[in-house]
Amino acid sequence: MSIASYNPGVTVQIEALPLPSKLHEWIVTVDHKRLGIMYIATSLLFFAVAGVEASLMRMQLAFPNGQVLPPEIFNRLFTMHGTTMVFLVGMPFFAGLANYLVPLMIGARDMAFPRLNAFGYWMFLFGGMLLYFSYIAGEGLAGHGTAPDVGWFAYAPLTERAFSRGTSTDYWILSIIVAGIGTTASAINVIATIFSMRCKGMTLARMPLFVWLMLVVSAMVIMALPPLTAAQAMLLLDRYLGAHFFDTQAGGSAILWQHFFWLFGHPEVYILVLPGFACASEIIPVFSRKPIFGRAAMVGATIAIGLVSVSVWAHHMFAVGMSAASNIFFVASTMLVGVPTGIKIFNWLATMYGGKIRLDTPMLFCVAFLFQFLIAGLTGIMLAAAPFNWQLTDSYFVVAHFHYTLLGGLMFTLFGAIYYWFPKATGRMLSETLGKWHFWLLVIGFHMTFDTLHFAGILGMPRRIYTYADGRGWGTLNLIASIGVIFQAAAVACLIFNIYRSLRKGAPAGNDPWDAWTLEWATTSPPPEYNFAVEPEVRSSRPLWDLKHPEDPDWKYE
Amino acid sequence: MKCLSRLAIPALALSTVAAAQELHPVGNIFNPQGTPAESVYRLSLLVIAVCAAIFLVVAGLLTFTIMRFVRRRNADDNREPAQVYGSNRIEVAWTVIPILIVVVLTMATARAVVTIQNKRVPADALHATVIGHQWWWEIRYPDLGIVTANELHVPVSSVDRPTLTFLRLESADVAHSFWVPQLSGKTDLIPNRINSMWIDPKQEGIFLGNCAEYCGMQHANMLLRVVVQSPGDFEKWAAAQKLKAASDADSARSTFLSLSCISCHTVSGTAAAGTFGPDLSHLMSRATLGSGVIPNTPENLRSWVKDPQAIKPGNLMPNMQLNSRELDQVVAYLGSLK
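Just so you know, the sequences run in chain order P and C.
Each residue of the first sequence is one higher than the last, beginning at 1 in our numbering.
Each residue of the second sequence is one higher than the last, beginning at 1 in our numbering.
Check each hint, because a few of them may be wrong.
[As the list claims (entries may be wrong)] In silico lysine to aspartate or glutamate, DMTMM-like type, Cα no more than 20 Å apart, as pairs: (1) P:K356 / P:E529; (2) P:K356 / C:E80; (3) C:K306 / C:D233; (4) P:K548 / C:E80; (5) C:K338 / C:E299; (6) C:K202 / C:E22; (7) P:K22 / P:E529; (8) C:K236 / C:D250; (9) P:K556 / C:E80.
Hints in this document: simulated from the structure, not taken from any laboratory.
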């Protein structure tokens, strides 16, 4: 059975163009695959920058009374690290994956709005550059200047002009608004593409889970970003036109900012993590050799997470002095998110159960994701219990918890996704040996750093402190956490070397190296500009399974 | 910065004032010493037990599944395993069971929320107001007429004589958070808003805490001490604090009062009535300077007055550029404010 049956007789020819022409091609491109790769490459670049920022902070905190960084530099670093990871790494990486994969998976030739797609990418890039331009051009009083130093959630009234002089906070506001426009454009595009560009036979019920999750994520982006953009606009009005939304010295409300921010910020957590689920939902079935268990339940759980996630925001605010009744409401809604999330974990587990599990690098990352996300979810339940939260919030326990979610959950699936789809995008395999080094070094480093930080929080260490005195019980834990960074950095170095090496002399991938079932594997690697020469026609949620197993096709059962 | 490291290393050493009391520098939330922290601790044990059970079951199943179903190379045939698409009965089971767990945890949590948050204020409770400033704590006892900074003194609460301290939490500038882990969870101090919390420490000693909401450059050095004393010691302390500042250093006082120190600081009974910085009336009764950044010793006091920016960079007290005579006099005067 020829797998590339939707591309009869196609051979991809790469012409040797001079460098300026090549660059020009990338800059003016509206091809969803190129834009996808540009999104991913740019976000990996920002990931490296944020990693350097994190390493510097861990150096400062490795010992009590650290003298590596002065406080103003440290405060800028954690602000930039958080802002970068959320807005310039997490969101664009998956915008990139969605861009690359959604049209291929639904058998389309491009996104619905290719130019809007390019616009979205460039807005994201310029937003990111604007944020980092603050290091050069930001101005302020001594100790306040250059990069933003108000924390990634920038609580009012620290951001008002009385406390944040100069322009650094303005860079933060404007860069996020600009990047947010890009993200919104990309979300609109994904939704339009999914609703209008599906190939023949690709009903919503047959759509790959990845596409379903991207649909939900895009809807959430459109719900969650407006409160943030509105709040940013209000803050700008406060700072420049004398409005008093958050200006407490003139009767404004500090809590209002927190409500606006977390009304964005909590759905945002799921916007970041659902794409991780999306990747796991593709990788785990293929490497277990079984279809996803309970497809409908998985889709339902995703939609449930999307809906519940807009009613949990104030669990970030248990310590601000809300009434007991409001606190209990947000306890209940937050704990409720555990149910659909649990359903997902059980379904992945059931998918693996009874399969023939191949522990190749993409699957290894997904397995680690399952364990780590389980722990992140359970510490999330602990944080949802409001009184327990009064102890844990704003401590290193929270830092450890959300790094478990976003690094242990999201980043691990992100790396799994790189190993899984790199062959499709480049036509070359990544080295399994280097991949396993990457995986194990990252597992060791991750657990050294973030397991220990839970305990620092339990021993009363608040987050965002640039130094701490000796004798408070935090020294050893912080030292171990800092040593873990060395392993994590080595792991990322393995990935970078692996990509570099594979691009030059990686083994050819062929169309379908993993023996997978979704449409992107039915075209060449890398796919031609038009993706499919013939419009595919599908009859089930695993079109390639049907082709490979005509004796036992899925459509008989669906 | 060298100067800072020299000063900060013995940061937890105690001045003679508090030497009699045991220091609790590690804010272990699992070693509670007051009722609110204990309620949280008891709730946390339930939550942790449930979470641990879930972890063991799910992680156990995961481990078993991987060990059992990993593809073995020698037994490898190319046939695919049985294709199973799902089971509604199983889906219902693992939806309903988590919902039940969520209901139980929510009820237990709600009960703890109400017990801690809706505590009735007893008539004999001590009232204190804590006002967060960038980067220090103003502490007022309105009923006792005491104003101090960075050290909250409270009487110990015993079974025979339960003594609750109710805190009214305010902020003079940005958001801060009051957190002394062994006594209670944290509550934010938010400008334009009045929050409250209560503590009833059951053991004498000094409990350390930190500001727990990022509040700007010196957030890390916005340290807090709760000094828990026997009722007798507390009375003695309060009586001494109520007195007007007394100093026998007359010429030093006039130097101090001639400088701009008084724009920001108050010394009761003198012309110094600034409110931007901490009240200095009984500075020598406090164990630390700069909101806990260094111990209050004569040498440290001199270094602080000479250049506070070298010790706590970015704090809002400028280097006053005092000449050495002025410096001697100011330090002598402050040193006399017992």
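Holds or violated: K306 (chain C) to D233 (chain C), with C-alpha atoms at most 20 Å apart: At roughly 34 Å apart (the allowed maximum being 20 Å), D233 (chain C) and K306 (chain C) break the hint.
Distance restraint between K556 (chain P) and E80 (chain C), which requires alpha-carbon spacing of 20 Å or less: Cα-Cα ~17 Å, so holds.
Restraint check for K356 (chain P) with E80 (chain C), where alpha carbons must lie at most 20 Å apart: Answer holds: K356 (chain P) to E80 (chain C) is near 8 Å, not above 20 Å.
Proposed proximity, E80 (chain C) with K548 (chain P) (alpha carbon, max 20 Å): Since the Cα atoms of K548 (chain P) and E80 (chain C) sit roughly 11 Å apart, the hinted pair holds (cutoff 20 Å).
Hinted pair K202 (chain C) and E22 (chain C), Cα distance within 20 Å: Distance of about 13 Å is within 20 Å: holds.
Holds or violated: K338 (chain C) to E299 (chain C), with C-alpha atoms at most 20 Å apart: holds, 16 Å
Given hint E529 (chain P) paired with K22 (chain P) - CA-CA distance at most 20 Å: holds, 15 Å
Pairwise hint evaluation, D250 (chain C) against K236 (chain C), where the allowed Cα distance is 20 Å at most: Roughly 26 Å separates the two Cα atoms, so the pair is violated.
Distance restraint between K356 (chain P) and E529 (chain P), which requires alpha-carbon spacing of 20 Å or less: Distance ~35 Å between K356 (chain P) and E529 (chain P) Cα, so the pair is violated.
Violated hints, listed in ascending order, are 1, 3 and 8; each of the other numbered hints is respected by the structure.
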